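Peer 1: The residues making up each chain are set out below.
There are 2 protein chains.
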Amino acid sequence: MNRAALEAQIAQKKSVLCVGLDTDLTKIPPHLLETEDPIFEFNKAIIDATQPYAVAYKPNIAFYEAEGLKGWQSLERTINYLNENYPEQFTIADAKRGDIGNTGTKYAQAFLERLDFDSITVAPYMGSDSVKPFLGFEGKWAILLALTSNPGGADFQLEAMAGGNKLYQKVMQESQRWASEEELMYVVGATKAAHLEEVRQYAPNHFLLVPGVGAQGGTVAEVMQHGMGETSPALLINSSRGIIYAGADENFAEKAAAEAQKLALDMAKFI
Amino acid sequence: MNRAALEAQIAQKKSVLCVGLDTDLTKIPPHLLETEDPIFEFNKAIIDATQPYAVAYKPNIAFYEAEGLKGWQSLERTINYLNENYPEQFTIADAKRGDIGNTGTKYAQAFLERLDFDSITVAPYMGSDSVKPFLGFEGKWAILLALTSNPGGADFQLEAMAGGNKLYQKVMQESQRWASEEELMYVVGATKAAHLEEVRQYAPNHFLLVPGVGAQGGTVAEVMQHGMGETSPALLINSSRGIIYAGADENFAEKAAAEAQKLALDMAKFI
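Chain order of the listed sequences is G and E. Each step along the first sequence adds one to the number in numbering that gives the first Met the number 0, with nothing skipped, and position 83 is 82. Each step along the second sequence adds one to the number in numbering that gives the first Met the number 0, with nothing skipped, and position 232 is 231.
One chain only, chain G, in its complex shape (with noise of 0.2 Å):
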């Protein structure tokens, strides 16, 4: 999907909600067990249920290979949902991928060919040559990590340079030599607002991917006030937990569906 269309989605439904499946079988409704795909009949009861309210949809890798081959086939049939039901939704495999050469390029075919998603979120340790693999797919993008919400986000990222910058700035520096805001994103840590400000003096109008609101803290207000672009939101917020754990039994999508409700209305006052 190219940024265009990702923008009249976001001016349409007023919304930069992104919905995390960190699909669960130790958190997921009982009554869903007893079905042959219960990750899947999981995702897809959620994604029906909170579409109207999103703009994107992102899984966890990471939930899907903890369970094999069978989580595999859980992840085909869930971007494959996706893609035949609301191929207007952007897609977000959040693997945190990086490799080389034709290691990088496997992990790019197997993300945003194979599986055809719109996007992976790429770690930026191993430089250029680990980055550029994941660019130049037609209407694909990568969305490098830069400065991450989580406490040892602090240990590297925030650390000073010789010359003077934070190392994740560093890498918003140096990354915007490889690519454009047409196929580059930036993952950004919600629960560090007051450094939102700072990050778009780096990335003035990139699309950041924000996690961290709901569970993790961090308020929908604080992230639109501060971080929005100069041209359009150019935001992705992410919540997962707080909106696909909302209900714990039959009605799980339909709490789903109110808490991602919610969380689009507050977005919308600054759309």
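Calculated from the structure, these hints are not laboratory results. Incorrect hints may appear among the rest.
[As the list claims (entries may be wrong)] In the DSSO-like style, the derived pairs of lysine-lysine whose C-alpha atoms are separated by at most 30 Å in a straight line are: (1) K131(E) / K169(G); (2) K69(G) / K43(E); (3) K69(E) / K139(G); (4) K261(G) / K43(G).
[Said to hold, decoys possible] Label pairs and their computed distance ranges (CB to CB): (5) G163(G) / K268(E): 46 to 56 Å; (6) R240(E) / G135(G): 17 to 27 Å; (7) G135(G) / N79(E): 35 to 45 Å; (8) P51(G) / P150(E): 38 to 48 Å; (9) D36(E) / P51(G): 35 to 45 Å; (10) Q172(E) / Y80(G): 41 to 51 Å; (11) G163(E) / N84(G): 54 to 64 Å; (12) K268(E) / E197(G): 52 to 62 Å; (13) K13(G) / P29(E): 48 to 58 Å; (14) P29(E) / G162(G): 44 to 54 Å; (15) F269(G) / E229(E): 53 to 63 Å; (16) F269(G) / Y85(E): 58 to 68 Å; (17) A267(E) / A153(G): 37 to 47 Å.
Model, not experiment: these values are computed from the prediction. Cβ atoms here follow ideal geometry from the backbone N, Cα and C, with glycine treated the same way.
Starting from the structure of chain G, add chain E where the hints point.
Peer 2: Coordinates of chain E only, in the frame set by chain G:
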């Protein structure tokens, strides 16, 4: 596998050879494509032929993910084959994962428990709480990216921090506060053999996984001369394409064995 067992195997075989299983359907001998699981059949033959000279095997997870469900199945068969037939071999999931909390734990479970690899490669960018989920599994290891040999490795890893250290050195120093040399290794690129002595100042006795010998450049002798640990070789030197694609037809496994033996003989001079 604990450190003592790995060191015993190295001493007995006089080899620190790790065989990288970067198995690619477009590169394996054509006669295997008629079998039900060509990737596994290739790996099995390579493992059987090279195991007298090797102490470790490293499937490159991207190559399996790129084949979807079938690739995941080939990976499962490969690690099961190794664990059942050659339990003395150290196994590395070259996955370069890294994510926080619950998500990191899912990746750790996928590779260290479900697939039962001895170790997994991990990216450090997200800091302590993205590495710790891979620690604390009895007899299992995290292998942290420190200094990689690709040109882009210099983009961030070799950049000077305000304190005077390079980023990769800070990663090594910081990470030693999280884990001992009994469960933490580092990835250090071999084409920078000049850097190996510098690396050893920061990790005198940790095991180093050194890719980049063979097709990627770098020689065994250089690495052994400059990279060994204080009390033991403490090295795993990987070769992938140089071994597994040494032959291209029916005799591919013999050709691979000959390449593996040649590298192991170079190693034996120093052990």
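Peer 1: Which numbered hints does this structure break?
Peer 2: Of the numbered hints, all hold.
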